[in-house]
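Following the hints, position chain B against chain A.
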Amino acid sequence: MGILEVKNVGKRFGGLQALGDVNLSVKENTCHAIIGPNGAGKSTLLNCLIGKLIPDTGSVMFDGQSVLGRKPHEINQMGISRVFQTPEIFGDLSVFENVMIPCFAKRDGSFRMHAYESCDAETDIIAKAEAMLDEVNMLEKRNVVASSLSRGDKRRLEMAMCLSQKPKLLLLDEPTAGMARADTNNTIDLLKTIKAKGELTMCIIEHDMHVVFSLADRITVLAQGTPLVEDTPENIKGHPKVREAYLGEAEV
Amino acid sequence: MTDQTTDTRMDATRPRASAAHKSSGLLGLTGKDLGLFIIVALLTILAPFILNPFPEGSALAQFNGGYPDLMQRFVIFGIFAIGFNILFGLTGYLSFGHAAFLGVGSYAAIWMMKLLTLNVIPAIIMSIVFAGIFALVVGYISLRRSGIYFSILTLAFAQMSYALAYSVLTPITGGETGLQLKATDTPLLSNLGPTEIGRANFFGVDMRASYEMAIGDWLFTFNAGYYIAAVFMLLSFYLAIRLFRSPFGMMLRAVKSNQQRMNYTGLNSRPYTLAAFVISGMYAGLAGGLMVAMDTQVGPERMFWTASGEVVLMTILGGAGTLIGPVLGAGMIKYMENIVSKINDGILHQWFAFMPDGIEDFLVFVIHPFIGKGWHLTLGLLFMLVVIFLPGGLVEGGQRIASVFRRKETKTSTVEKSAAEQQQHSE
Numbered sequence: 001m002g003i004l005e006v007k008n009v010g011k012r013f014g015g016l017q018a019l020g021d022v023n024l025s026v027k028e029n030t031c032h033a034i035i036g037p038n039g040a041g042k043s044t045l046l047n048c049l050i051g052k053l054i055p056d057t058g059s060v061m062f063d064g065q066s067v068l069g070r071k072p073h074e075i076n077q078m079g080i081s082r083v084f085q086t087p088e089i090f091g092d093l094s095v096f097e098n099v100m101i102p103c104f105a106k107r108d109g110s111f112r113m114h115a116y117e118s119c120d121a122e123t124d125i126i127a128k129a130e131a132m133l134d135e136v137n138m139l140e141k142r143n144v145v146a147s148s149l150s151r152g153d154k155r156r157l158e159m160a161m162c163l164s165q166k167p168k169l170l171l172l173d174e175p176t177a178g179m180a181r182a183d184t185n186n187t188i189d190l191l192k193t194i195k196a197k198g199e200l201t202m203c204i205i206e207h208d209m210h211v212v213f214s215l216a217d218r219i220t221v222l223a224q225g226t227p228l229v230e231d232t233p234e235n236i237k238g239h240p241k242v243r244e245a246y247l248g249e250a251e252v
Numbered sequence: 001m002t003d004q005t006t007d008t009r010m011d012a013t014r015p016r017a018s019a020a021h022k023s024s025g026l027l028g029l030t031g032k033d034l035g036l037f038i039i040v041a042l043l044t045i046l047a048p049f050i051l052n053p054f055p056e057g058s059a060l061a062q063f064n065g066g067y068p069d070l071m072q073r074f075v076i077f078g079i080f081a082i083g084f085n086i087l088f089g090l091t092g093y094l095s096f097g098h099a100a101f102l103g104v105g106s107y108a109a110i111w112m113m114k115l116l117t118l119n120v121i122p123a124i125i126m127s128i129v130f131a132g133i134f135a136l137v138v139g140y141i142s143l144r145r146s147g148i149y150f151s152i153l154t155l156a157f158a159q160m161s162y163a164l165a166y167s168v169l170t171p172i173t174g175g176e177t178g179l180q181l182k183a184t185d186t187p188l189l190s191n192l193g194p195t196e197i198g199r200a201n202f203f204g205v206d207m208r209a210s211y212e213m214a215i216g217d218w219l220f221t222f223n224a225g226y227y228i229a230a231v232f233m234l235l236s237f238y239l240a241i242r243l244f245r246s247p248f249g250m251m252l253r254a255v256k257s258n259q260q261r262m263n264y265t266g267l268n269s270r271p272y273t274l275a276a277f278v279i280s281g282m283y284a285g286l287a288g289g290l291m292v293a294m295d296t297q298v299g300p301e302r303m304f305w306t307a308s309g310e311v312v313l314m315t316i317l318g319g320a321g322t323l324i325g326p327v328l329g330a331g332m333i334k335y336m337e338n339i340v341s342k343i344n345d346g347i348l349h350q351w352f353a354f355m356p357d358g359i360e361d362f363l364v365f366v367i368h369p370f371i372g373k374g375w376h377l378t379l380g381l382l383f384m385l386v387v388i389f390l391p392g393g394l395v396e397g398g399q400r401i402a403s404v405f406r407r408k409e410t411k412t413s414t415v416e417k418s419a420a421e422q423q424q425h426s427e
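From first to last, the protein sequence lines are chains A and B.
Residue 212 in full-length UniProt numbering sits at position 212 of the first sequence; the count goes up by one each step and never skips.
Residue 225 in full-length UniProt numbering sits at position 225 of the second sequence; the count goes up by one each step and never skips.
So that you can see chain A by itself, here it is in the shape it has in the complex (with noise of 0.2 Å):
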């Protein structure tokens, strides 16, 4: 049994069948990356893992309970935190600000009527969201409006705010789409560090077969919604028929 457990997913968007039937299985501790070409259903598939949309067959469970029917903060409470395709941050806020929050979330809930005390009071959450500013190297730009933050500066900064959380699950959807190299580069270290740590599972979308390559325990490649091959990164790369679905237009 793994922590994420995925069984005759199904998804209908009108006239396209976006999920057929996918299973999946993630084990604890371990990154799990999800490939396949544009309109695979990847997304799809994430959505439904966090309560964005609802699946219309099939179930999700995650550390033995399940996931639909809930709502996404529910979800979130239960140890899944996402990062998406383009950053979710609060703009207006300042990038100290936007790693508080999910503290906030951790240690009071999905909510709390805190509205007599002062933030500055809350030296437990200040000292937490400093080290983890710290660990993305993010701790200068602290006082900055997170809206002004460059593309790859945001990135780092949800991931900080996801992390931060401690989930037992991170999805992570493109995690270095636009990114520069070296920014690339610096995500898959600190994804690479915190894998080391072996205290969370990952299950990674992405096109850049570099990150996928040099994270992944476990690849399933998706196609037309369904699950074509399930096995480790080794056996993908010489999979003749993940070649001739995905890997034979793209260079490895």
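To be clear, the hints were calculated from the coordinates, so they are not data collected in a lab.
There may be inaccurate statements among the hints.
[To be verified] Derived DSS-like pairs: lysine-lysine, alpha-carbon spacing no greater than 27 Å straight-line:
1. K128(A) - K32(B)
2. K32(B) - K166(A)
3. K182(B) - K154(A)
4. K141(A) - K256(B)
5. K128(A) - K256(B)
6. K52(A) - K32(B)
7. K256(B) - K71(A)
8. K32(B) - K141(A)
Only chain B this time, still in chain A's reference frame:
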């Protein structure tokens, strides 16, 4: 000379000290907030002096705003706008029905005075409680939608309340004529003579009691009602500052910034917005209760949609999302409503009497639409100018003026620096 240049450079590159580690100061406020609160407190306490800068009988005396009725309006609408800003300024939810809570608060207060006691404190407490309960119901339903749909829902609720107060609920609201204290009212805890009309008091102090102080030609009025309302305003302002700087306030700003990210971060935005809605409704109720405490009457027009629109104008004019903005906006609008509307053609003719007749008449003709009944036109123009050139309201205007002065200072220092660098190169 060389040493000096390296010194300034080091200063420039030195990282900014973190603001988060300051110890809590007086009243739990730090730095700028404490300064702001003290300034507002001083201005409110000294308002009878500040608002009456012109001697009685002088041509400019009509610009004096230091009479009790207007000063009370300043602080009461200040409270209303502070509360509205907690919802609109922080969460971005634009309610178009906040006058309903003001009205509910007013009705609750007048009934307390009619039935229980003429002391204003129970009346004010009940106005906050009833407005809070009503806001809970309206907010629970309206907050299912956001954006324009939320605004329309709140507007619908407020207009419904207005229409009900005007017609069906006449036994409770007094319908068109509204409610006021009458000789037939016999509050339980107040000993009134058989034909005596009760007067609102604060533990025996009549709300209308005033002390007049004449210094030379100047006349300053200190009114009991004003100071009681002012204490409530300062308390509201203090609580609003605490809320702005609290984790709760941060969450409300997160709602405005990115509600989706908030939900995917494990936070339920609904109770946060609902709490903000109820708090701002209670502020409106407090304002309504204070209005009754001042003039012991209420009518349904207090809930009309234009009253809801007025508080939106106040908040935007002053600066939504800022601490002091709503109070400034409320003061500005109430000042114009009461002062600009008083000016008439006769006064204009007096002002321009020194000019040749033709020009005098022409000037009066040009200015005429902007004064007296035309004060809305002046307000409208002012509002347009602010929204177009100062989207952050009057507060942004103040900040820009301040930054111009600051820029001048830094400019001189950079000029010195580049001069020093040039000298260094030539060496």
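Tested hints:
At most 27 Å may separate the alpha-carbon atoms for a hinted pair to count; K128(A) and K32(B) meet this at roughly 26 Å. Using a Cα cut-off of 27 Å, the hinted pair K32(B) and K166(A) is violated, with the two alpha carbons roughly 35 Å apart. Between K182(B) and K154(A) the alpha-carbon distance is near 65 Å, which puts this suggested pair outside the 27 Å criterion. Pair hint K141(A) plus K256(B) holds up; C-alpha atoms about 22 Å apart against a cutoff of 27 Å.
Taking the CA atoms of K128(A) and K256(B), the gap is near 24 Å; set against the 27 Å cutoff, the hint holds. Between K52(A) and K32(B) the alpha-carbon distance is near 42 Å, which puts this suggested pair outside the 27 Å criterion. This hinted pair checks out: K256(B) and K71(A) have alpha carbons roughly 20 Å apart, not beyond 27 Å. Under the criterion of a C-alpha separation no larger than 27 Å, the hint pairing K32(B) with K141(A) is consistent with the structure, at around 22 Å.
Comparing the model with each numbered hint stated earlier shows that hints 2, 3, 6 do not hold.
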